[in-house]
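J.: Sequence:
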Amino acid sequence: MTNDPSSAAATGGGATTEAISEDEIATVRKMIGEKLRIHQWVHEASIDTIRHYAHGLGDDNPLWCDEAYGAKSPHGSIVAPPTFPYAVWPAGVGCGFPALQVFHAGGRWEIKRYIRLGERLTVDARLADIRKLKGKRAGVMLLQTGKVTYSTTDGEVVAQHESRSFRVPEPSGGEGLKYTPRAQVWTEAELDEMEAEILAQTRQGAEPLYWDDVAVGDAVPSRLKGPLDIATIVSYYAGNVGGNLSTDMQVRNRHLCLRHPELAANNRPAEIQARRASYGAGHHDASSAARSGMPGIYDNGWMRVGWVQQMLTDWIGDHAMMTMLDVSIMLPNVVGDIVRFKGVVSGRREGGLVEIDVWGERQDGELSCKGSATVRLPIRTGRN
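Sequential numbering of the sequence shown, starting at 1, is according to the working numbering.
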C-alpha cells in the first residue's frame, strides 16, 4: 500500500483558496530549515516513562515494562518501544497559519536502534516543506512536513521522523471539515465478542521469528483496539504528550505568547497557543470537536501510529527490530469506534529485512489508516 496524503485525514467539507494565501505560505516558508523552539516532554528513558508510554497504548509487552524479563532478553535490559520518541516530543510541526486548524496526518519513522533504559535524549525539530493540496473531500488545504531528529545526549541519532500535518480552515468560516456527527453503540454481546478476541491475541515474545520462515503474502496477526473511550484517550496523553499546560502554567504560557511570541514554542502558532480554549480540546470535549468539524470526540493520530507499531512488535518478538514505519492517517476515530489493525508481508530482502503493508479498518469497513513498515528478523543460518 502507498501513502496518499491528499486523500487522508482532513475529509469533509471543501476549503477555499481564500483562507490560504500565497503571501502567507511564502512567509512561513522562510522558517524551513530553522531549528524550532519546542517544549520537550520526556528527557530520560526511565522505567516509568517507558512503561507509561507503552501502557498508554494498551501495550504491556514485558520487553518494555518488566526489568527482570528485559535482563534476560537479547537487549540485556528493557528497551523503549520504537515509537517511544513521540513521548520525548510528539513531532508536531505545524508552524504559522493561525487561522488554520492542525490535524496529524501521519509520519515516517526511521529507527536506528531501540532506546535503552536510562538514556537521556534531545530533539531537533525543523519545518521541511509546505504543499498546497486538494483532498478528495477536504477541498484546498496545506500539508506541512517536518524533520525531527532524536539523539542521545552524546550525539548519537537513535531515530528520525518525517512528520506530516494537515492545515485546514475552521468550519466557522464556511470552509474546512463538515462531518456528520455519529456515535457507535455496541450491545453487551458484541462487547463480549470483542473482549474474547482481545484475550485470544498472542505475542511472539522470547521465541525468535526467523526471516527464513516468513514468506510474501503471510498475514501479520491482527490487533483489535477499542471501543475508543475517554479513559483510553486520557491514558495515552498521560504517557505521551502530557496533555496541555495546567492552571498557572497555562496562564503564563498564554501571556508569553501574547507579549513575547518570539520566546514561545513556534512549532504551533503563538496565536493558537494564546487562546483560552485548548487547541486540542476536541480529543476530550464534544462541543470543541463539533466546532472543529469532527463527527465526535476523536482520537489522537500519534496513538494510532503506536497501535500499528504494537501489532508489528508483538508479531516479530524480542529478537527482531522494527526499522521503518510509515503511516498515513485517513479518517478520524471517534468515541465508540473500534479499529482492527492488519498487515501482510509484501517483500523480503537480504539482511533479514521484511517489508509489510499495514492498515487499520474501522467497524464500518472504512480505512482508518494505512502505510508500510520494514522489520529486521534473525536468520537461521547466522548471516547478518
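Source of the hints: derived by calculation from the structure; they are not laboratory data. Source: prediction; values computed, not measured. Don't take each hint at face value.
Unchecked claim - Simulated pairs of lysine-lysine, DSSO-like, Cα-Cα distance not exceeding 27 Å:
1. 72 with 147
2. 132 with 35
3. 178 with 30
4. 134 with 147
5. 112 with 72
6. 134 with 178
J.: Check each numbered hint against the structure and report the violated ones by number, ascending.
T.: Violated hints (numbers, rising): 1 and 3; every other hint is consistent with the structure.
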